[in-house]
Structures are given as structure tokens and as C-alpha cells.
Amino acid sequence: MTAKTNKTVKKSAAQIFLLIASVFFLAPFIWMVSTSLKALDQVYTFPPQWIPSPFVWKNYLDAIDYIPFFTFLSNTVIITVLSTLGVVLTSPLVAYSFAKFNWKGRDTLFFITIAVMMIPGQVTMIPLFLMFAKLDWIGTSLPLIIPAFFGVPFYIFLLRQFFLGLPNELKDAARIDGAGEFRTYWQIMLPLAKSAVLAVGLFQFMAAWTDFIGPLLYLTEPDSYTLSLGLQQFQSQKGTEWGLMMAVSTMMTVPIAILYFFLQKTFIQGITFSGIKG
Amino acid sequence: MLKEKVVSEPIFPQAKAKKNKKLGDDALYGWLFASPWVIGLLVFFLIPLVSSLYFSLTTYGILQPGEFVGFQNYKDLMSDTVFWKSIYNTVYFVVFFVPLSIFFGVGLAMLLNMKVKGMSVYRTIFFLPTLVPSVAMAVLWMWLLNPGFGLVNGMLDVIGIQGPAWLGSETWSKPSLIMMSLWGIGQSVVIYLAGLNDIPQDYYEAGDIDGANWFDKMRSITLPLLTPVIFFNLVMGIIGAFQQFTLPYTMTGGRGTPADSMKFYVMYLYDNGFKFFKMGYASAMAWILFVIVIALTGIIFYTSKKWVHYQGE
Chain A
1 MTAKTNKTVK
11 KSAAQIFLLI
21 ASVFFLAPFI
31 WMVSTSLKAL
41 DQVYTFPPQW
51 IPSPFVWKNY
61 LDAIDYIPFF
71 TFLSNTVIIT
81 VLSTLGVVLT
91 SPLVAYSFAK
101 FNWKGRDTLF
111 FITIAVMMIP
121 GQVTMIPLFL
131 MFAKLDWIGT
141 SLPLIIPAFF
151 GVPFYIFLLR
161 QFFLGLPNEL
171 KDAARIDGAG
181 EFRTYWQIML
191 PLAKSAVLAV
201 GLFQFMAAWT
211 DFIGPLLYLT
221 EPDSYTLSLG
231 LQQFQSQKGT
241 EWGLMMAVST
251 MMTVPIAILY
261 FFLQKTFIQG
271 ITFSGIKG
Chain B
1 MLKEKVVSEP
11 IFPQAKAKKN
21 KKLGDDALYG
31 WLFASPWVIG
41 LLVFFLIPLV
51 SSLYFSLTTY
61 GILQPGEFVG
71 FQNYKDLMSD
81 TVFWKSIYNT
91 VYFVVFFVPL
101 SIFFGVGLAM
111 LLNMKVKGMS
121 VYRTIFFLPT
131 LVPSVAMAVL
141 WMWLLNPGFG
151 LVNGMLDVIG
161 IQGPAWLGSE
171 TWSKPSLIMM
181 SLWGIGQSVV
191 IYLAGLNDIP
201 QDYYEAGDID
211 GANWFDKMRS
221 ITLPLLTPVI
231 FFNLVMGIIG
241 AFQQFTLPYT
251 MTGGRGTPAD
261 SMKFYVMYLY
271 DNGFKFFKMG
281 YASAMAWILF
291 VIVIALTGII
301 FYTSKKWVHY
311 QGE
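Sequence lines, in order, name chains A and B.
1 is the number of the first residue of the first sequence in the UniProt record's numbering; add one for each residue after it.
1 is the number of the first residue of the second sequence in the UniProt record's numbering; add one for each residue after it.
Because the hints were derived from the structure by calculation, they are not lab data.
A hint or two may mislead.
Taking lysine-lysine pairs in the DSS-like style, the calculated list, with each CA pair at most 27 Å apart, reads [claimed, not checked]: (1) B:K75 with B:K275; (2) B:K115 with A:K7; (3) A:K171 with A:K194; (4) B:K115 with A:K10; (5) B:K75 with A:K11; (6) A:K10 with B:K217; (7) A:K7 with B:K117; (8) B:K275 with A:K134; (9) A:K265 with B:K275; (10) A:K265 with B:K117; (11) B:K217 with A:K11; (12) A:K265 with A:K58; (13) A:K11 with A:K171; (14) B:K217 with B:K305; (15) A:K238 with B:K275; (16) B:K217 with A:K7; (17) A:K11 with B:K117; (18) B:K275 with A:K10; (19) B:K275 with B:K85; (20) B:K217 with B:K306; (21) B:K275 with B:K115.
Covered stretches of chain B (chain A as the covering partner; in silico rule of three or more C-beta atoms under 8 Å from a C-beta of chain A) [what the hints assert, rightly or not]: (22) 67–80; (23) 88–99; (24) 280–287.
In this text the structure is predicted, and so the values were computed from the model without any measurement.
Beta carbons are placed, not taken as given, at the ideal position from N, Cα and C, and that holds for glycine.
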């Protein structure tokens with residue numbers, strides 16, 4: 001009896017803590033959206049008001065014009081989509097080779113692959129910049145896209161773990177049926193790894209969509225800016241247009257939020273897989 | 001042993017040939033499938049790694065060819081006050097943020113793990129901030145922490161506290177950054193939660209039978225069995241915290257103001273490489289960072305034998 005009441009008390013206490021925490025986690029979002037719908041004179045009121053009156057869409061229209069939102073959006077989409085394509089084409093292929101083929105040097109190469117994950121990006125940043133400069137790629141989005149087609153160590157590692165969990169019999173059976181190695185991979189093994197490939201694709205999508213330092217280094221012309229770089233540049237020039245900046249921030253976050261709501265399970269599984277089994 | 005050997009002895013020569021062919025195929029296709037990464041590893045990782053070490057020993061810059069100067073860059077760094085300031089700022093952030101993120105991350109995950117009503121809604125709420133792009137997050141928090149019209153000081157005003165200037169104050173700028181970074185710990189909450197789910201319920205039932213209270217169970221079951229996950233988050237947290245860049249860069253327009261209190265290590269590295277074009281100097285900074293990260297990770301791995309408990313060991 002006492003144990004049961006004790007449990008109810010504990011649950012209620014947990015519920016209260018969670019509610020308070022939720023307020024802290026949610027308030028910035030509400031504030032972001034609320035500010036984006038306010039007219040300038042209402043943005044600058046103290047104490048702050050939660051609900052815009054009247055609701056104005058002007059910030060969104062201005063942002064589209066001024067930032068220029070659609071140019072930056074299409075630049076971001078191109079980089080995000082192409083680099084994600086590169087990742088899902090190459091990283092599973094390499095991971096499959098590590099997991100399902102027996103070749104000399106495999107374990108050494110895999111060890112090096114794990115080791116390079118430890119290298120901070122800043123170490124390779126300068127030589128890579130100079131290499132891309134030699135190729136005359138500065139000012140283009142190529143440095144942000146092409147490397148993804150050559151494999152990303154973290155994704156290769158995650159996908160290898162997943163392929164290791166698939167039975168070898170499947171591969172052997174396909175071979176006995178006369179399928180070549182590439183067909184076995186493409187038509188049998190890759191579809192079985194769909195959930196892991198999707199998770200890795202999502203990671204890359206998020207990374208490319210939100211990347212800042214890459215575009216900052218390589219995209220020198222305002223026409224080629226991504227949303228992140230565009231917003232940062234706008235902020236440093238017109239740092240007081242809060243309504244407009246909140247509108248852009250909202251528009252940048254919404255696509256990812258939508259993606260999350262559709263692929264929630266993949267997100268959570270991918271993160272826990274990399275965190276627990278990694 | 002003997003029996004095995006007999007069995008593996010080829011009965012028909014063709015069988016052996018076939019097996020050799022299979023192994024040969026494996027080697028061929030293995031390398032073929034891995035070949036993009038062999039190129040990628042060389043071009044995007046190993047060659048830049050070695051070049052970077054070489055550059056760190058030169059005065060290389062985009063504008064001048066540079067010459068070999070040995071360890072001069074490293075020596076100069078030791079007497080560079082901004083370099084030390086950036087180390088101080090970065091270490092400050094790591095020392096406060098990483099433990100706090102583990103404390104709050106584990107705490108929230110434990111609350112969620114009590115099977116309260118609406119658990120998945122709470123989980124989504126805690127996870128949402130991790131979906132906000134860093135630049136948008138920086139701009140949002142600049143506005144939240146705006147001294148005159150921001151929400152934070154507005155709320156403080158309600159309870160009769162006059163809020164500080166936050167990002168405009170040398171004292172409060174780093175705590176501000178820690179606070180907003182804590183807003184984004186949803187990812188580790190999800191990992192801790194999965195770790196908690198992996199703890200078998202039997203242990204708690206055994207604890208109940210022994211008359212253990214909540215605190216006992218927490219100390220001898222939950223925390224020890226969560227240590228592998230804490231270990232993972234600790235390593236990733238430290239590596240990530242040392243590379244802090246986008247938030248402070250955006251919030252200070254790349255300047256690290258006020259009074260260099262927001263100049264973090266990678267920001268100063270970026271300044272040297274891409275503003276002052278001292279690429280040799282910046283490369284030396286990158287290698288020092290690399291050594292720090294490796295040393296810290298090594299120490300954590302080394303001590304982990306003492307405090308990380310794996311199930312079944």
C-alpha cells in the first residue's frame with residue numbers, strides 16, 4: 001500500500017519536473033514564431049508580449065525579398081540533396097565491403113577508418129582549402145558536395161555494424177542463384193539495410209542543411225550562399241531586424257521539423273544505434 | 001582439432017579450386033567496393049593530415065610561398081596572449097558545459113524513464129531544439145538574451161530581477177553560451193533513455209526483494225549500468241566542445257567580443273588561417289588541438305577501466 005502511494009507521489013513529482021523542463025525547452029520556439037509575426041513596433045516592447053497583435057506576415061514577405069530567401073534556399077537544397085545522394089551511394093558500398101568480403105588489408109583499412117574519425121576537421125581544413133583552391137573550386141559548391149561521394153568514415157562505420165548483423169547465408173544464396181556480386185549487393189543486401197541507410201542519409205541531410213563553416217570557407221559569392229551563411233551575413237549587417245531574422249530562422253527550421261515528424265522512428269533509432277552500439 | 005583438419009582437407013581438387021576462386025573474388029570485389037573510400041581516405045584525410053603537419057612548420061600563407069621555420073610557429077604560439085585567452089575560454093566552456101550536459105541529460109532521461117504519461121511528447125519536446133540549425137539557434141538566442149527587449153530579461157523582470165547584459169557582458173557571455181548549448185542536449189537525452197531501457201528489469205526486482213530504496217537502486221544499478229553511455233557522451237561531448245565555432249562566431253560577428261571573452265580556440269584558428277592568411281600558424285594551432293583531443297580521449301579511455309561497467313562483465 002505505502003509502496004504504491006510512494007510510487008504515485010514519485011510519478012507526480014517527475015511529471016512536475018518534466019512540465020517545468022518542457023516550458024524551458026519550448027519557450028524559445030514560441031518566442032521565435034511569435035516575434036516573426038510581429039510588426040517592428042511590437043517587437044520593441046517591454047515587458048515582452050507573447051501574442052502578436054495584429055498578426056503580420058510582412059516579415060516573411062520581406063525576408064523572401066531582402067535575404068533573398070529563395071536563392072539561398074535553392075543553393076542549400078542543391079548542396080544538401082547532392083551530398084546526401086553521395087553519402088547513400090558510396091558509404092553503404094564501402095561498409096558492405098568491410099562487412100561481407102574477406103580481403104587482405106581489410107582490417108588495417110578499417111582500423112585507419114576508425115582512427116581518422118578522431119581527427120578534428122580543423123586539422124585537414126587548411127590543406128583541403130588549398131587543394132580546392134588549386135582545382136579552382138573556391139566560390140563553387142563542389143567542395144561541399146564531391147567529398148561525400150568518396151565515403152564518410154562515421155557513416156561507413158555505422159553501416160558496417162549494420163551489415164555485420166545480416167546473415168551471410170543471404171549473400172551465398174544469391175550467389176548460388178547466379179547473381180553477380182554487384183547485383184547481390186544492390187538487389188538483396190542494400191534493401192535489407194534500408195533503415196540504416198535512411199538513418200545515415202538523414203544525418204547527412206541535417207549536417208549539410210545546417211552546416212556553417214563549410215559554406216563560410218568555400219562560398220565566396222553572395223549568389224551562392226546557403227541559408228545558414230545568408231542568415232549570418234544578414235545578421236552581421238542588419239542585426240536589429242529581429243522580426244525578419246526570426247522569420248528566416250523559422251523557415252529554416254520547419255523543413256527539418258517536418259522531416260522529423262515523418263521519420264521520427266528513424267531519427268531516434270539512428271541516434272541510439274550510434275550512441276549505444278557505437 | 002584433428003577431426004576438423006580431416007574434414008577441411010579437400011576431397012575433390014575442383015572444390016579447392018573453387019574455394020580459391022571465391023577468395024580471389026572476395027579480394028577483387030572487396031577492393032572494388034571499397035575503392036571510392038581508398039581514394040577518399042587518401043585525398044581528403046591522409047594527404048591533408050600530413051600536409052597540415054608540414055605546413056605547421058612553415059610560414060606558408062596564401063600570399064607568400066612560405067619557408068621552413070621548424071618549430072617557430074609553436075614557439076610563437078606559446079607567447080601569443082590571444083592564443084592563451086582562446087584556450088582559457090574553450091576550457092571554461094568544456095569544464096562547465098560537459099558535466100552540466102551529462103547531469104541534465106541523465107536527469108531528464110531518468111524522469112522520462114519513469115513511464116510517466118505523455119513520455120513520447122516530452123521526448124519530442126526535448127529533442128526539438130536539436131533540429132534548429134546552429135546559425136538560426138545563435139540568432140534566436142541573441143534575441144532571447146537581448147538586454148532591453150529579450151524574453152529572458154523580460155521574465156526575470158516579472159520576478160523582480162534586473163537581468164544582466166548577457167552576451168554584451170564579459171562575465172555573462174560564456175554562461176550565456178553554456179545555457180543555450182544546454183538547450184540543445186536532446187540528442188544525448190535520447191541516447192541515455194535508450195541506455196536506461198537496456199537495463200534489465202530483473203535487477204530492480206532483485207533490488208526490491210533486498211529492500212533497496214530508490215537511492216540504493218540508483219547508486220548500485222542505474223548509474224553503474226549507464227556508465228558506458230555516459231562514457232560515450234563524455235568523449236563526444238569533450239571533442240565537440242573543443243571545436244565550438246558556429247555559435248560564438250555568429251553571435252559576435254566573428255569578433256569574439258566583448259573583450260575576447262567569446263574568442264574560442266577554433267575561432268582564433270580560423271582568424272589566423274583565413275583572415276590573416278597565416279596558414280602555417282593556423283596549422284600549428286590545429287595540431288595542438290589534435291594533440292589535446294587525443295590526450296584527453298586517451299586519459300578518459302585509460303581511466304574508463306575503473307569507472308565504466310559493461311553488462312555481463
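Verification of the hints:
no.	hint	verdict
1	B:K75 with B:K275	holds (21 Å)
2	B:K115 with A:K7	holds (11 Å)
3	A:K171 with A:K194	holds (16 Å)
4	B:K115 with A:K10	holds (11 Å)
5	B:K75 with A:K11	violated (58 Å)
6	A:K10 with B:K217	holds (15 Å)
7	A:K7 with B:K117	holds (14 Å)
8	B:K275 with A:K134	holds (19 Å)
9	A:K265 with B:K275	violated (43 Å)
10	A:K265 with B:K117	holds (19 Å)
11	B:K217 with A:K11	holds (17 Å)
12	A:K265 with A:K58	violated (36 Å)
13	A:K11 with A:K171	violated (49 Å)
14	B:K217 with B:K305	holds (22 Å)
15	A:K238 with B:K275	holds (22 Å)
16	B:K217 with A:K7	holds (14 Å)
17	A:K11 with B:K117	holds (9 Å)
18	B:K275 with A:K10	violated (56 Å)
19	B:K275 with B:K85	holds (18 Å)
20	B:K217 with B:K306	holds (20 Å)
21	B:K275 with B:K115	violated (52 Å)
22	67–80	violated (count 0)
23	88–99	violated (count 0)
24	280–287	holds (count 5)
Of the numbered hints stated above, those contradicted by the structure are hints 5, 9, 12, 13, 18, 21, 22 and 23, listed in ascending order.
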